[in-house]
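Protein chains in written order, with the numbering used here: chain A, 1 to 404; chain B, 1 to 448; chain C, 1 to 291.
One thing to keep in mind: the hints can contain errors.
What the hints assert, rightly or not - Cut-off 30 Å, straight-line C-alpha distance, at most; resulting in silico cross-link-like pairs (DSBU-like, lysine-lysine):
#1 B:Lys180 with C:Lys249
#2 B:Lys140 with A:Lys108
#3 C:Lys141 with B:Lys74
#4 A:Lys213 with A:Lys202
#5 A:Lys27 with A:Lys399
#6 C:Lys205 with A:Lys167
#7 A:Lys399 with A:Lys301
#8 A:Lys147 with A:Lys213
#9 A:Lys243 with A:Lys316
#10 B:Lys140 with C:Lys205
#11 B:Lys136 with A:Lys108
#12 A:Lys108 with A:Lys129
#13 B:Lys180 with C:Lys141
#14 B:Lys136 with A:Lys100
#15 A:Lys100 with B:Lys140
#16 B:Lys180 with C:Lys227
#17 A:Lys108 with A:Lys64
#18 B:Lys247 with C:Lys205
#19 A:Lys129 with A:Lys148
#20 A:Lys129 with B:Lys140
#21 A:Lys108 with B:Lys38
#22 A:Lys316 with A:Lys284
#23 A:Lys64 with A:Lys213
Read the hints as simulated data drawn from the structure, not as lab findings. Since the model is a prediction, treat every value here as computed from it, not as a measurement.
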Amino acid sequence: MATLSLRHVQKIYPMRDEDKEEKKRQKKRRKKGEEEPARKPSQLKITDEGVVAVDDFNLEIADKEFIVFVGPSGCGKSTTLRMIAGLEDITRGEFYIDGKLMNHVEPKDRDIAMVFQNYALYPHMTVRKNLEFPLDLRGMPQDEMDKKVEWAAEILGITPYLDRRPKALSGGQRQRVAIGRAIVRDPQVLLMDEPLSNLDAKLRNQMRAEIIKLRQRLNATFIYVTHDQTEAMTLGDRIVIMKDGDVQQIGTPQQVFDHPANLFVAGFIGMPQMNLFDGELVEKNGVYAVRVGDAEIELSKDKQKNLADHDARPQKVIVGARPEHITLDEKAGSMIEGTVDVSEMMGSSVHLHINVAGKDCIIIAPRLELDTGNLTTGSTIRFTLAPNAVHVFDPSTEKNLECD
Amino acid sequence: MNEDRITVSNALRRGDLFTRVSAVLMGAGMLGHRQIVKGALVLLVEVAFWAYMATTGFHSLGMMPSLGTEAQGKVWNEAKQIFEYSTGDNSQQILLAGVITCFAIAGLVVLWVLQLRHSYALQRLIEEGESVPTIKDDVKSLFDGNLHVTLMTLPCLGILVFNVVPLVYMISMAFTTYSKEGEHLILFDWDGLNQFARVLNMNGNIGRQFWHVLAWTVIWAIFATFLNYILGMALAMVINRKDTKAKGFWRFCFVLSVAVPQFVTLMIMNIMLQPSGAVNVLLQNLGLITEPIPFWTNAMLARVTIIVINLWVGIPYTMLQVTGILQNIPAELYEAAKMDGAGPVRIFFKITLPYMLFVTMPYLIASFVGNINNFNVIYLLSGGGPTRVGDTAGQTDLLVTWLYKLTIDQQYYNLGAVIGIMTFVILTVITLVTYRNSSSYKNEEAFM
Amino acid sequence: MDNQMAKNTLSPRRRIVNLLVHALLAVLALIWVLPIVWIVLTSFRAEPGAYTKTFLPQGYTLNNYVKLLTDRNVLNFPKMFRNTLIISIFSCTISTFFVLSVAYSLSRMRFAFRRPYMNLAMILGLFPGFMTMVAQYFILKAMGFTEGSSIRIGLIVVYSACTGLGFQISKGFFDTIPRSIDEAAVMDGATQWQVFTRITLPLSKPIVIYTVMTSFIAPWVDFVFAKVLCRANSDQFTVAIGLWNMLQKEYIYQWYTCFAAGAVLISIPIALLFLYMQRFYVEGMSGAVKG
Numbered sequence: 001m002a003t004l005s006l007r008h009v010q011k012i013y014p015m016r017d018e019d020k021e022e023k024k025r026q027k028k029r030r031k032k033g034e035e036e037p038a039r040k041p042s043q044l045k046i047t048d049e050g051v052v053a054v055d056d057f058n059l060e061i062a063d064k065e066f067i068v069f070v071g072p073s074g075c076g077k078s079t080t081l082r083m084i085a086g087l088e089d090i091t092r093g094e095f096y097i098d099g100k101l102m103n104h105v106e107p108k109d110r111d112i113a114m115v116f117q118n119y120a121l122y123p124h125m126t127v128r129k130n131l132e133f134p135l136d137l138r139g140m141p142q143d144e145m146d147k148k149v150e151w152a153a154e155i156l157g158i159t160p161y162l163d164r165r166p167k168a169l170s171g172g173q174r175q176r177v178a179i180g181r182a183i184v185r186d187p188q189v190l191l192m193d194e195p196l197s198n199l200d201a202k203l204r205n206q207m208r209a210e211i212i213k214l215r216q217r218l219n220a221t222f223i224y225v226t227h228d229q230t231e232a233m234t235l236g237d238r239i240v241i242m243k244d245g246d247v248q249q250i251g252t253p254q255q256v257f258d259h260p261a262n263l264f265v266a267g268f269i270g271m272p273q274m275n276l277f278d279g280e281l282v283e284k285n286g287v288y289a290v291r292v293g294d295a296e297i298e299l300s301k302d303k304q305k306n307l308a309d310h311d312a313r314p315q316k317v318i319v320g321a322r323p324e325h326i327t328l329d330e331k332a333g334s335m336i337e338g339t340v341d342v343s344e345m346m347g348s349s350v351h352l353h354i355n356v357a358g359k360d361c362i363i364i365a366p367r368l369e370l371d372t373g374n375l376t377t378g379s380t381i382r383f384t385l386a387p388n389a390v391h392v393f394d395p396s397t398e399k400n401l402e403c404d
Numbered sequence: 001m002n003e004d005r006i007t008v009s010n011a012l013r014r015g016d017l018f019t020r021v022s023a024v025l026m027g028a029g030m031l032g033h034r035q036i037v038k039g040a041l042v043l044l045v046e047v048a049f050w051a052y053m054a055t056t057g058f059h060s061l062g063m064m065p066s067l068g069t070e071a072q073g074k075v076w077n078e079a080k081q082i083f084e085y086s087t088g089d090n091s092q093q094i095l096l097a098g099v100i101t102c103f104a105i106a107g108l109v110v111l112w113v114l115q116l117r118h119s120y121a122l123q124r125l126i127e128e129g130e131s132v133p134t135i136k137d138d139v140k141s142l143f144d145g146n147l148h149v150t151l152m153t154l155p156c157l158g159i160l161v162f163n164v165v166p167l168v169y170m171i172s173m174a175f176t177t178y179s180k181e182g183e184h185l186i187l188f189d190w191d192g193l194n195q196f197a198r199v200l201n202m203n204g205n206i207g208r209q210f211w212h213v214l215a216w217t218v219i220w221a222i223f224a225t226f227l228n229y230i231l232g233m234a235l236a237m238v239i240n241r242k243d244t245k246a247k248g249f250w251r252f253c254f255v256l257s258v259a260v261p262q263f264v265t266l267m268i269m270n271i272m273l274q275p276s277g278a279v280n281v282l283l284q285n286l287g288l289i290t291e292p293i294p295f296w297t298n299a300m301l302a303r304v305t306i307i308v309i310n311l312w313v314g315i316p317y318t319m320l321q322v323t324g325i326l327q328n329i330p331a332e333l334y335e336a337a338k339m340d341g342a343g344p345v346r347i348f349f350k351i352t353l354p355y356m357l358f359v360t361m362p363y364l365i366a367s368f369v370g371n372i373n374n375f376n377v378i379y380l381l382s383g384g385g386p387t388r389v390g391d392t393a394g395q396t397d398l399l400v401t402w403l404y405k406l407t408i409d410q411q412y413y414n415l416g417a418v419i420g421i422m423t424f425v426i427l428t429v430i431t432l433v434t435y436r437n438s439s440s441y442k443n444e445e446a447f448m
Numbered sequence: 001m002d003n004q005m006a007k008n009t010l011s012p013r014r015r016i017v018n019l020l021v022h023a024l025l026a027v028l029a030l031i032w033v034l035p036i037v038w039i040v041l042t043s044f045r046a047e048p049g050a051y052t053k054t055f056l057p058q059g060y061t062l063n064n065y066v067k068l069l070t071d072r073n074v075l076n077f078p079k080m081f082r083n084t085l086i087i088s089i090f091s092c093t094i095s096t097f098f099v100l101s102v103a104y105s106l107s108r109m110r111f112a113f114r115r116p117y118m119n120l121a122m123i124l125g126l127f128p129g130f131m132t133m134v135a136q137y138f139i140l141k142a143m144g145f146t147e148g149s150s151i152r153i154g155l156i157v158v159y160s161a162c163t164g165l166g167f168q169i170s171k172g173f174f175d176t177i178p179r180s181i182d183e184a185a186v187m188d189g190a191t192q193w194q195v196f197t198r199i200t201l202p203l204s205k206p207i208v209i210y211t212v213m214t215s216f217i218a219p220w221v222d223f224v225f226a227k228v229l230c231r232a233n234s235d236q237f238t239v240a241i242g243l244w245n246m247l248q249k250e251y252i253y254q255w256y257t258c259f260a261a262g263a264v265l266i267s268i269p270i271a272l273l274f275l276y277m278q279r280f281y282v283e284g285m286s287g288a289v290k291g
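Given the sequences, and given the hints that come with them, work out the whole structure.
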């Protein structure tokens with residue numbers, strides 16, 4: 001049993017010198033009344049206390065749930081994980097395991113194990129000694145340790161390498177040993193910090209499948225950190241998407257894919273990225289539609305209802321549509337026009353890069369429905385967006401108008 | 001926010017009875033807040049401190065302003081027909097005791113602050129209903145979260161007692177008349193900045209010597225550091241050349257001389273270069289010279305000889321240190337330069353040297369400091385000589401060797417201390433200036 | 001074609017350059033090796049005295065070594081050797097503990113005193129070492145470590161007490177061990193002490209060996225502190241003072257060749273240690289600079 005609960009958790013690092021200078025510059029600008037320069041793609045808030053690496057993180061994790069923290073580097077996902085592990089102090093807020101406050105409990109007393117990105121195996125010990133190390137520290141007798149180690153090695157298929165040093169193992173094998181060292185003592189909670197990012201693509205797919213299998217064999221709650229949205233989508237029961245220390249959205253893979261809470265989530269989840277168009281939300285007799293260029297697309301029923309529930313007003317919006325939710329069907333009604341820049345043959349489908357009023361847009365079209373002869377570079381193409389899969393975002397707040 | 005902080009002022013204003021009492025009876029706060037062992041220990045320290053102060057401490061402090069007045073008495077005893085000596089004051093011991101007492105007081109103040117804050121922290125823990133760490137928890141944490149306390153206490157104590165205290169003691173000597181000059185070896189007095197004035201005054205005898213020694217020290221350090229650096233690097237590069245055969249053998253030949261203890265090689269060199277030493281004998285036997293070369297008795301020649309021999313000692317060192325770094329220079333840099341058509345000389349000045357300077361700046365600074373303080377080379381080779389009649393400093397003396405002569409040989413302790421302080425000041429200025437420049441250099445690079 | 005030529009046979013110009021480079025290296029190597037060869041020859045020289053009419057010895061003998069190792073009346077070398085050995089064993093143990101402890105604390109732990117300590121170490125390093133020597137002597141005298149056999153304790157203290165300031169190379173090495181290995185050990189349940197003893201130290205064998213050796217060698221090659229502390233207590237002399245004394249006016253004629261023998265004797269183990277250590281030295285050097 002392990003339910004985790006994070007309430008208003010915050011992490012503030014003391015300012016380094018360059019942060020202090022940045023803050024001084026901000027103050028100067030404000031005094032002079034200058035415009036703030038555009039924020040860099042990733043920039044953390046700086047307060048008087050320091051740099052806010054994680055701000056107001058709230059999450060309840062159920063027993064045996066698989067949670068994935070995902071976001072670009074520097075978003076605070078690893079920091080949150082390390083606070084759960086006890087490797088970083090929690091600046092403010094509370095963290096509970098099974099209702100017990102853990103803020104000041106030592107890592108070793110939290111019954112949490114962790115798998116590190118660079119494996120962090122002990123180079124001077126054999127694989128067996130590596131696996132025994134956590135058990136030995138707990139004073140387990142040798143015969144019990146042997147059993148445990150064999151069990152873990154069996155699960156991960158590393159029995160043949162038990163007497164080798166980590167140096168003599170491949171990347172994938174080392175990762176297995178690292179996981180083995182984490183599971184060998186049956187922890188309540190298993191933390192994984194980008195465990196697959198040092199592996200090549202093929203091995204990564206394989207290990208991903210193994211982690212899913214592993215999860216079924218263990219009674220642990222999993223928290224998994226990655227910057228790779230595919231891993232997040234395939235592994236997680238729920239996904240926590242973070243950026244610049246703030247939680248952007250928490251939900252099942254389905255939810256975050258179908259109902260991205262804001263522009264960032266919309267862009268981050270899904271490959272290739274969601275297309276964004278400058279457009280307008282219009283309302284005629286209580287019926288919402290989006291206008292992109294000359295085209296006007298009436299939205300589907302549930303979208304209508306969601307927008308009405310949130311009292312959406314006609315306004316300029318950013319219209320989002322995933323590449324797979326765009327149709328080239330001439331009969332579908334109101335059409336958007338663009339010119340083909342590049343067409344990429346992907347086998348079963350074709351990825352079309354299209355220039356629409358100066359903006360790049362990607363369409364995934366099934367190959368069978370296409371007359372590929374027409375799609376040479378420079379040819380004009382007309383398409384429309386699926387009414388049930390169009391997202392509308394407020395350009396200033398960047399929020400999805402269908403969500404809170 | 002400020003009100004929550006664990007500070008001394010908060011402890012005094014918001015502390016409970018125990019906390020406040022511990023401002024006087026140290027450790028009371030811990031005793032009253034369930035940390036008996038620690039509290040008792042702190043209390044014991046305080047008791048010991050006051051006992052020390054009562055027995056000797058206050059007396060030592062009281063003696064500090066005068067540094068003692070009673071000269072050793074010598075009274076003719078008619079009855080026994082002998083001189084009887086009465087023990088007088090020993091200023092040097094008084095000064096040492098005074099310095100130690102000052103450190104003891106400083107130590108107690110630090111302990112006072114720490115224990116006060118700690119007992120306030122304990123009080124707050126109890127108020128918030130949290131459990132107070134037991135002595136067992138504390139001992140455990142000494143091997144975990146507070147391991148640095150366990151590991152660093154003894155080393156710090158060693159540094160304090162055998163480096164910081166002696167240093168302060170020595171520095172304080174600079175302001176006294178403690179010297180064999182004027183027979184102030186047993187009883188001496190405060191002397192203000194007089195000794196500094198003497199040393200800095202160019203017209204006085206000591207001042208003249210000081211500026212001479214200082215000039216030679218700087219010249220020596222510059223030559224020793226940069227010649228060694230450039231030539232050592234050149235040697236490393238010659239050995240590292242692609243076409244050089246038997247790299248390992250050449251390296252071994254040079255490293256061998258590093259491996260022999262420096263003081264041995266220096267003493268041998270000293271003997272070899274004596275008028276009837278091996279070098280002169282060799283040259284005479286070969287018929288190159290008729291009269292022995294006066295390596296150590298001619299000032300100019302002695303200086304050149306020292307620098308040359310230091311090259312012999314230092315070049316292999318530099319070679320050893322630089323080899324690894326040279327091999328670390330990214331090959332792309334060279335390839336790019338070659339593609340641009342740069343020749344070997346240009347490549348050296350445009351790529352190798354800037355890169356090496358950038359990477360080895362800390363090493364260069366350290367070796368410059370080391371050379372200014374390079375005692376062994378001078379002392380063992382020339383012994384600072386030749387020395388003019390009436391001078392304490394020889395023509396090849398560095399500040400350090402002069403310092404050694406002044407204190408150990410001449411017992412001019414106050415002058416020695418002043419020289420030591422001047423050395424420190426010079427080194428500090430040099431180090432700060434170079435570090436400044438090197439860091440701005442780094443920033444420039446970062447902006448590129 | 002051109003490439004092939006360059007690979008197989010060097011162009012005449014490069015050949016000449018190559019020849020010159022090797023000739024230069026040979027001359028330089030001779031300059032560097034000759035004094036060492038000379039001292040080894042001198043240690044076997046039959047005729048006494050520091051200065052002879054010839055560069056090379058006229059006759060060879062082992063007597064210098066025999067005299068050095070057996071004469072116990074004038075300069076008792078075996079006794080000095082024993083003194084130095086005892087001192088260096090103790091000071092080496094203490095120094096190694098001090099250096100590694102401080103280096104580990106500064107590299108791995110975070111505490112308020114950390115920065116001030118490193119700055120202080122830098123400042124103290126700028127004072128000439130001999131400035132404190134006199135004061136150290138007075139303090140040791142006040143403690144009673146300057147008379148008789150307690151001089152040994154005094155020397156041990158002098159050689160080891162301040163070694164906590166020489167943490168830089170070890171810290172540089174510890175800094176290169178990935179932090180995540182420590183963190184993994186902490187997650188596995190290790191205390192900081194266990195991380196230090198079971199992870200960091202075994203992983204830092206080169207630097208541990210380096211520290212042990214350098215601190216072991218120190219008492220063998222220092223003659224300044226030893227001289228100040230021993231003064232005329234000849235039964236407390238260390239090897240370095242002994243060798244130094246052999247070159248003083250009153251002894252040099254009788255003892256010069258023995259000095260050469262003694263120099264060879266203590267140089268051999270130190271040279272072997274050094275040749276073994278130089279790998280770590282180079283590693284430590286480039287590692288520390290990189291970090």
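Next item on the list: Enumerate the violated hints, using their earlier numbering and listing them in ascending order.
Entry: Per hint list: zero violations.
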